[in-house]
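Number of protein chains: 2
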Amino acid sequence: MRDAVVLLSGGLDSATAAALTRPRFRLHALSFRYGQRHAVEIQAARRVARALGIRDHRVVRIDLGVFGGSALTDLAIAVPKWRRIGRRIPATYVPARNTIFLAFAAAWAETLGARDLVIGVNVLDSSGYPDCRPAFLRAFERVLIAGTKAGAEGGRWRIHAPLVRMTKAQIIRAGLRAGVDYALTHSCYDPGPGGSACGACDACVLRRRGFEEIGMEDPALC
Amino acid sequence: MRDAVVLLSGGLDSATAAALTRPRFRLHALSFRYGQRHAVEIQAARRVARALGIRDHRVVRIDLGVFGGSALTDLAIAVPKWRRIGRRIPATYVPARNTIFLAFAAAWAETLGARDLVIGVNVLDSSGYPDCRPAFLRAFERVLIAGTKAGAEGGRWRIHAPLVRMTKAQIIRAGLRAGVDYALTHSCYDPGPGGSACGACDACVLRRRGFEEIGMEDPALC
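Heads up: the sequence lines are chains A and B, in that order.
1 is the number of the first residue of the first sequence in the working numbering; add one for each residue after it.
1001 is the number of the first residue of the second sequence in the working numbering; add one for each residue after it.
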């Protein structure tokens, strides 16, 4: 069984991506404490990793807040409440976030001798971030082939994004079949003091709609 | 004058890259404390930034040591002393380092509204790291075009590597013309307790040869 590094935020998508790829890979999970206002998701990531039997879970601390520019890392910028997903990129976009996350995942993969990364991005029921698109992932694979020791020695790299073309409802259905306990996950960008979901940000609304579509209550809210 | 983010390690190459691009850009310098054994280079980066009149210099702390796998971040792996530059990638290679550094530079650039990054990599008198090659830089530009808000909105990105095809002697000559004070820089991978250069690692040997070739003493050693 090959090793792979999975980016695990503790949200619904990354938990599902991990569960869907678990049969094929020995997973190593990577989370980030990046100054996000919803740092409560790190605890969710720990719960999810444990539930999926991922023993090797590391949390890397990086300071994206030092640059500012996002509602997720800058408390002076409000998290926008639900808007129709459109062509505009919302204020919750964190500059180059997935580029940074994948770079760290690749660094860890190289030391493990792994050439597979897993990421739970998707383009349909998402906030429209450019670093969630297939073209971005393919371009990043080419960076790894050109810029790593493994690539220079002729190795391949593969970024697996099993959810990339799925709707939120399809993701939840697939995750339930793969044994994800969504009660353990956290999605809200703007949680209350006790970590409770706001119910109104993009992440909350997309999640609620997904559960509504399959006629199920969100177990994290029960 | 456009803004650009320059990766400034405090070494000879990045100081020169900054000096050569300074006439064209308002530079913002970025350094990393990444668990490197030669963290003394951060002080050199501060001196260089000040000497070049770069007012905006940030040092981001990231923990690459958590993954290990490099002689530069893992004290259990010895820094190899001089070897002939060959096709093998040495133990001082840090997995995905420039991928991570450029990702952070891009994040900062996005918040500044900048689309230009500067990096002092070169392929001739270098240690043969794959993430210093032109193909890697071009691939990374495509990641930024595909994966950033600026790119999604039709913007271009450019990674400037003014030294990429220069020998160490050419770099030093160009830097001297551009006003670099090499006494302020630090290159050694394996410095002694007081920060003194070991004289025997790849970085030291390449640097010494460069100064020898132009018939000048290294001012950092005088």
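Calculated from the structure, these hints are not laboratory results.
One or more hints might be untrue.
Stated by the list, open to error - Which bits of chain B does chain A cover? Going by a derived footprint, with three or more residues having C-beta under 8 Å, they are:
# : segment
1 : 1050–1062
2 : 1126–1135
3 : 1140–1146
4 : 1155–1169
5 : 1178–1189
Stated by the list, open to error - Listed below are several chain A residues computed to face chain B (Cβ distance under 7 Å; list not exhaustive):
#  : residue
6  : I42
7  : Q43
8  : R88
9  : I89
10 : P193
Note that the Cβ used here is the ideal one computed from N, Cα and C, for glycine as well.
Verification of the hints:
1. 1050–1062: holds (count 4)
2. 1126–1135: holds (count 4)
3. 1140–1146: Since three or more residues must qualify, the claim that chain A covers the segment 1140–1146 of chain B holds, with 6 doing so at under 8 Å.
4. 1155–1169: violated (count 0)
5. 1178–1189: With 0 residues closer than 8 Å to chain A, the segment 1178–1189 of chain B misses the three-residue bar; violated.
6. I42: Not OK, violated: I42 of chain A not within 7 Å of chain B, min 15 Å.
7. Q43: violated (19 Å)
8. R88: Nearest chain B Cβ about 9 Å off; hint violated.
9. I89: holds (5 Å)
10. P193: Violated - the Cβ of P193 of chain A stays beyond 7 Å from chain B, reaching only about 28 Å at its closest.
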